[in-house]
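Visitor: Here's the letter readout for the chains.
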Amino acid sequence: MDVKGLKEYLAWLYYQYLLVTCSYVLEPWEQSIFNTVLFTMVTMVVYTAYVFIPIHTRLALEFFSGLFGGQHESTVAFMS
Amino acid sequence: MATSTADKVSNGNIHRHNQNINTFKSDAYVRSGFSNHCNKHNGKANGGLDKRPFKESFDQAPLYVAVLTYVGFGVVTLFGYFRDFLRACGLEKCHLAQEREEQKDFVPLYQDFENFYTRNLYMRVRDNWNRPICSLPGPQFDLVERVSDDYNWTFRNTGKTIKNVINMGSYNYLGFAENNANFLTTVADTTRQYGVGVCSTRQEMGNLDIHNELEDLVAKFLGVEDSMTFGMGFATNSMNIPALVGKGCLILSDELNHTSLVLGARLSGSTIRVFKHNNIQSLEKLLRDAVVHGQPRTHRPWKKILILVEGIYSMEGSVVRLPEIVALKKKYKAYLYLDEAHSIGAVGQTGRGVTEYFGLDPSDIDVMMGTFTKSFGAAGGYIAGKKELVDFLRTHSHSSVYATSMSPPVTKQILRVLKCIMGQDGTTMGIQRVRQLAENIRYFRQRLQEMGFIIYGNEDSPVVPLLLYMPGKVGAFAREMLKKNIGVVVVGFPATPITESRARFCLSAAHTRGMLDKVLSTLDDLGDYLSLKYSRHSKSTQDRTLRRNSVVNH
Chain B
96 MDVKGLKEYL
106 AWLYYQYLLV
116 TCSYVLEPWE
126 QSIFNTVLFT
136 MVTMVVYTAY
146 VFIPIHTRLA
156 LEFFSGLFGG
166 QHESTVAFMS
Chain R
296 MATSTADKVS
306 NGNIHRHNQN
316 INTFKSDAYV
326 RSGFSNHCNK
336 HNGKANGGLD
346 KRPFKESFDQ
356 APLYVAVLTY
366 VGFGVVTLFG
376 YFRDFLRACG
386 LEKCHLAQER
396 EEQKDFVPLY
406 QDFENFYTRN
416 LYMRVRDNWN
426 RPICSLPGPQ
436 FDLVERVSDD
446 YNWTFRNTGK
456 TIKNVINMGS
466 YNYLGFAENN
476 ANFLTTVADT
486 TRQYGVGVCS
496 TRQEMGNLDI
506 HNELEDLVAK
516 FLGVEDSMTF
526 GMGFATNSMN
536 IPALVGKGCL
546 ILSDELNHTS
556 LVLGARLSGS
566 TIRVFKHNNI
576 QSLEKLLRDA
586 VVHGQPRTHR
596 PWKKILILVE
606 GIYSMEGSVV
616 RLPEIVALKK
626 KYKAYLYLDE
636 AHSIGAVGQT
646 GRGVTEYFGL
656 DPSDIDVMMG
666 TFTKSFGAAG
676 GYIAGKKELV
686 DFLRTHSHSS
696 VYATSMSPPV
706 TKQILRVLKC
716 IMGQDGTTMG
726 IQRVRQLAEN
736 IRYFRQRLQE
746 MGFIIYGNED
756 SPVVPLLLYM
766 PGKVGAFARE
776 MLKKNIGVVV
786 VGFPATPITE
796 SRARFCLSAA
806 HTRGMLDKVL
816 STLDDLGDYL
826 SLKYSRHSKS
836 TQDRTLRRNS
846 VVNH
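Heads up: the sequence lines are chains B and R, in that order.
The numbering used here puts the first residue of the first sequence at 96, with every later residue one more than the last.
The numbering used here puts the first residue of the second sequence at 296, with every later residue one more than the last.
Just chain R, same shape as in the assembly (with noise of 0.2 Å):
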């Protein structure tokens, strides 16, 4: 059990399993006067639950922004139907998918009321989405410009591209999303050594050396026995669930789980139950009641139960309460599965997740999930946690069956950014880009909730949602923030609840601070000239007014 952690010389590791940290909820440990014994010899470790203020917010707005967000929507709605009535009449051109003339007896093919709020308020703000990028993914990209003649029906390009647009989108979060020739040498000579494609699956001929590598690597790196590698994130999810659960097994699964859990979890045929999202009492009130009642109708008990959670929640920001989840699950014999697919890379001391920023085992999470799309600047995801379920994988997971192993310049990217971060490479690059992305997420949060401007999630997650709340602003803003050369991703219904549509910024560690304070002041100017800034706790409300009149001067 003990891990020997302690003697690591990696360079910047500072990372110390704590065994004893686990011991501050469970009873079974304090009857046995451990926790005592520990506390004597070792004091309270770095990180513990205790010592860490676990500071979150989801402010709601006033109220009449909710009225006035139903009011917005009932306006399309009505002009949704209006603008129906006229394509059924033929007195306004269709442009949507049409059965042909000799068809309509048929059965129709084509829900057309079902795209109901596609057709009607999405195609009025689509330019803000599927921006054509046409270079690399960095702190500044360019973006190709395009017009639309006919409400954005259709799109044609002018020719022209917008140079340096600050990119506030990507899920660049260590900024290894680089094209510098002198940190890809390894990756080029790959590429000359390998080629690009694979030509195969794991299982039969597509089993590169690097890829053993590349997962004996992650398992160090984490802290565990050993990983797996898949070609795909998503794929990393929907595929392996369904062969660690099936019938008769229960899936306990949060409420804003992403959608490759869900189809995960649904593909697996086992009972699904979702509680609250970060909320443990609803998950101790279902694990309750799941041991004690067992299975709907036999009232066997269930051959397994799963808790699925996610590090940081990509459309909240808010990050997994784990302590006491791991707690929980030790006290009702459950199985746990983290998704680490934002945190990994971009939270803790090293840059190694959740756990390490909670300051537990590895070996308490039986699954460990993560992806290399975000931190990593690659694609790809992987599974690790003990020999045993890795093996397990190895034979029984569709994606290492059936799916393409991942592409060797991938895999020899995700070498290079994971030796860079553990120090290996005999550079502190690694180290220090993890803590200039702290300390940029402190800055930006802290600015923003000063300006006045709603804002959800954790005060240490990368992810910042910024809430825009009524339709109408949403493709305001966005389109605002281009004129202004800043790139945004903007979400609404139905990725979010209706009332609460929101700016997400994905900040990196390649944002320099002068970029930074370039959005931050354009977002100050925004948020007045569109009265964004609904938060009751900000101090410039006094001032707000005086400064409303500058009007913004495009």
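Looking at chain B on its own, in the form it has when it is part of the complex (with noise of 0.2 Å):
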């Protein structure tokens, strides 16, 4: 019955949620208000991440180790 297990840990996760959050005091429908724009802005930061983290990253990493390794090749062709 792993599955009701999981249910039962999921369902206390969320209380455990609500508690933190002081959403257990508010009524149901500014919970769903709260949700939805706690959720909103999750997806929003988490979609941001998504697209531009990767990007970011390689661009980054292409110009330090144009830096660097453009000047490993000047002083080599010096040296020759």
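Hints listed in this document are in silico derivations from the structure and should not be mistaken for laboratory results.
Here the structure is a predicted model, which means the values were calculated and not measured.
Idealized CB from N, CA, C, for every residue including glycine.
Keep in mind that the hints are not guaranteed to be accurate.
What the hints assert, rightly or not - Below, in silico cross-link-like pairs of lysine to any residue (SDA-like), each with a Cα-Cα straight-line distance of 20 Å or less: (1) R:828 to B:110; (2) R:542 to R:498; (3) B:102 to R:825.
What the hints assert, rightly or not - The calculated label-pair distances, taken between Cβ atoms and stated as ranges, are: (4) B:158 to R:387: 53 to 63 Å; (5) R:576 to B:149: 57 to 67 Å; (6) B:128 to R:424: 56 to 66 Å; (7) R:599 to B:126: 55 to 65 Å; (8) R:380 to B:161: 51 to 61 Å; (9) B:130 to R:724: 56 to 66 Å.
Hints in hand, dock the two standalone chains.
Guide: Encoded structure:
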């Protein structure tokens, strides 16, 4: 019955979330508003991270490797 | 100076006044060689400060707990603004007091914004307070079941009562809130003889002979010359401090003093300076400044310096550092006012309060005050001390001149309880109860600390605050405990600092081991379910993760 144990665990986690953010005291419609707003913000953060972080890291790595790699080649050329 | 209490034959009275014990801090006695002389002949006394370890703990919670508490308050504040906006717009019905349409141009009558916190957080969890009780507040009691249809704005009774709820909130330290007919025969006889109302003030026609008997017995119990009793405990503080100090006097009051002391101090018109809670260095600094600099502009010496402290602080469970304060007051020639509301009857080997707990001489404390509400199962308060002080208060105190005196059955109840504690009724029931309370305290506190909760206060205090921190958990805790048939008191802001909401347990000698075990096992399960076990010092941190998955079944 692992599914039932998992469901209970998720319910307990949701209860902890309600207690910690103090949504436990809010009325149900207020809880829905709060959950919607929070979920939207988290989704937007995740989407932005997914879209922009790989591109930014790739560009940053290229920039820094170009800086050091280009310097190394020029010194080698000077030596020979 | 030498009191003859060593030859008291009362049952269970092992109280020994030891004047010698006061010499350990004071330089004057050491210089004159007095303390060496005493130590050789009498040795160290029972309950001296250096023998008794003073164990108090105020653990700090991990940082993430404070952050999450603020987050919780932030969310509730945002929704508070949102709901206030809806109420102002008219989109939502307003349940609060409002002015009439014709008066909208007048000066506003209701200060709306100041009740922001009450309106927007307290109302949502308000069903945990003011629960109607329909039986004796003994170790178990009955509650009226009530439900709310509109989120706690109004309540209605379902008609049922919740029976045999374990009472962890009443100040019933020695268990004398009882309705056993055998014990209450004298009280019933007094009601038949005197009636219930006194119909006069103490000075006019309300001075009964049982009042005088009670005052003599209270003085004998505490080991002082004389005492005076009043009908209400809060009024004892707030009406007598103005009689003792006035303009030109200085009051040094502890940070966490009760409202009655604060009100009395403000009513008196003296200058009030606050020192940090139980902090002797802070108090000494204030005393030095007061003695050296005098009154603010004129630099004349203060007429009187009065130090206001309590025996046990009911929100923290901490015990006052009495020997050090007494040493300080002797050095700087100040007066000491000790409010033993929660400690009389509950601490000390024979229940005589913090003076006995530390082994001090009662004549060192200038004004001893206490209440009969907590350990005596009655109502009212007393002030005890030297005869001149009490005679002065009989004529000059507002409470004695204008307030109705204590009702006869209540007076007889206090008399019966005092005789029981002192052993004068021929049984050992009083001293057994005091010992049972001490044992309950030790057991309960030790088990809670083992489980991993953060508990404040001294090891010997019957008040046990269990920290909850987050506002959401405050409401959840009280409701879950009631579902399990245990009644607790939870406190939040503004009675406590904003991040330190707590549940406050008051132990009683009437609690049996079985009741305490039931409460402890429920707390264990609930602590895992709500994740309240924040302590870093417990042994059970390893197996906490294993037990978390066993969810409590309702």
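Visitor: With reference to the structure, classify each hint as holding or not holding.
Guide: Verification of the supplied hints:
Between the alpha carbons of residue 828 (chain R) and residue 110 (chain B) the distance comes to roughly 16 Å, so the proposed pair stays at or under 20 Å and holds. The hinted pair formed by residue 542 (chain R) and residue 498 (chain R) fails the criterion: a straight-line CA distance of about 26 Å is larger than 20 Å. Taken as a hint, the residue 102 (chain B) and residue 825 (chain R) pair is honoured in the structure, with Cα atoms around 17 Å apart against an allowance of 20 Å. Distance hint check: the CB atoms of residue 158 (chain B) and residue 387 (chain R) are about 56 Å apart, consistent with the given range 53 to 63 Å.
Between residue 576 (chain R) and residue 149 (chain B) the C-beta distance comes to about 59 Å, which sits within the given range of 57 to 67 Å. Between residue 128 (chain B) and residue 424 (chain R) the beta carbons are some 27 Å apart, a value that contradicts the proposed interval 56 to 66 Å. Distance hint for residue 599 (chain R) and residue 126 (chain B): a CB-CB separation of about 57 Å, consistent with the stated range 55 to 65 Å. Hint check: residue 380 (chain R) to residue 161 (chain B), Cβ distance near 55 Å, so the stated range 51 to 61 Å holds.
At roughly 58 Å, the beta-carbon separation of residue 130 (chain B) and residue 724 (chain R) lies within the given 56 to 66 Å, and the hint holds.
Hint check: violations occur at hints 2 and 6; the rest are consistent with the structure.
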